[in-house]
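Just so it is clear: in the sequence shown, position 102 is 86 by our numbering, and no numbers are missing.
It should be emphasised that the hints constitute simulated quantities derived from the structure, not laboratory data. Please note that a few of the clues may not be correct.
With a straight-line Cα cutoff of 25 Å, these simulated DSS-like cross-link-like pairs (lysine-lysine) come out [unchecked claim]: (1) 26 to 44; (2) 21 to 44; (3) 44 to -14; (4) -14 to 105; (5) 20 to -14; (6) 105 to 26.
Now the in silico label distances, taken between C-beta atoms and shown as ranges [unchecked claim]: (7) -14 to 209: 54 to 60 Å; (8) -10 to 44: 17 to 23 Å; (9) -1 to 206: 19 to 25 Å.
Just so you know, even glycine gets a beta-carbon here, dropped at the ideal spot from N, CA and C.
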Amino acid sequence: MKAFDLSQNWWQFVIVAIVCYLIGCFNFALLISRFKKRDITKIGSGNPGTMNMSREFGLKVGVLTFFCDAFKGGIPALIGYFIYRDFVFAGTAVFVSDFIRYFCGVFVIIGHIFPVTMHFKGGKGIASTFGLFWICLACENPWWLLIGFGVFLFIVLFIFLTEWGSLGSLLGVTGFSLWQAVVFYLRYGVATFNAYVVCLYMLILALNVLTWWAHRANLVRLFAGEERHTSIKKLAKKKQ
């Protein structure tokens, strides 16, 4: 392993943050809806994300939007992993690739939720966060792609049975976060209070804060019994 001196190479993280934020600003829901000659921000809930796309254009278009956003969240992290996988932070045993994956992810999600290209009013970041965790966990073990897909199917089943789309999505993000946190704890347990390890946990926490905050209105409606139900059966039958 090569030593990575952050004090000399901090500028690399600045570039990564800017590039990932700009990637996050690219909204696939808006692009797809314009191909449909409509503006997703002006119909339905106005949210340029998977749920609103599914309600307005049908489940197939919603699934397409989901996977486009998922790859947007995961691919930058995967690239960062391969670039830095042979480095550890100088004076530690902490892999730079562990840090950079979620550093990339956080800025992609910030760009998705607060895009400068859409006056800082973007999507809610669930699909991109799912894609981020799915690909990041697969970096640990490729077989975890299947486990991650199983978790995703469980979330879909939860939404299918309860029709609580927002809650199911947020529980999925939290579940993936706990899974990755356990992996990092097993890897760095002895050095839990190392500054870089603490930053790892803070990045994962930031992803939860961002997605839960983006859904704050949904949660208020949910607890008030006013949240709009998401029926997968109806979405599957919808044609546009």
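Against the structure, the hints come out as follows:
1. A threshold of 25 Å between alpha carbons decides the hint, and for residue 26 with residue 44 the separation of about 20 Å falls inside it, so the pair holds.
2. Annotation: proposed proximity of residue 21 to residue 44 holds, straight-line Cα distance about 17 Å (limit 25 Å).
3. Distance restraint check for residue 44 and residue -14: the Cα-Cα separation of roughly 46 Å exceeds the 25 Å cut-off, and the hinted pair is therefore not satisfied.
4. A threshold of 25 Å between alpha carbons decides the hint, and for residue -14 with residue 105 the separation of about 41 Å lies outside it, so the pair is violated.
5. For a cut-off of 25 Å, the pair hint linking residue 20 to residue -14 is broken: about 50 Å separates their Cα positions.
6. Distance check on the hinted pair: residue 105 and residue 26 sit about 12 Å apart at the alpha-carbon level, within 25 Å; holds.
7. In this structure, residue -14 and residue 209 meet the distance hint of 54 to 60 Å, their C-beta atoms being roughly 56 Å apart.
8. Taken as a hint, the range 17 to 23 Å is violated for the pair residue -10 and residue 44, whose Cβ atoms sit roughly 45 Å apart.
9. Checked against the hint of 19 to 25 Å, the pair residue -1 and residue 206 fails, with Cβ atoms roughly 39 Å apart.
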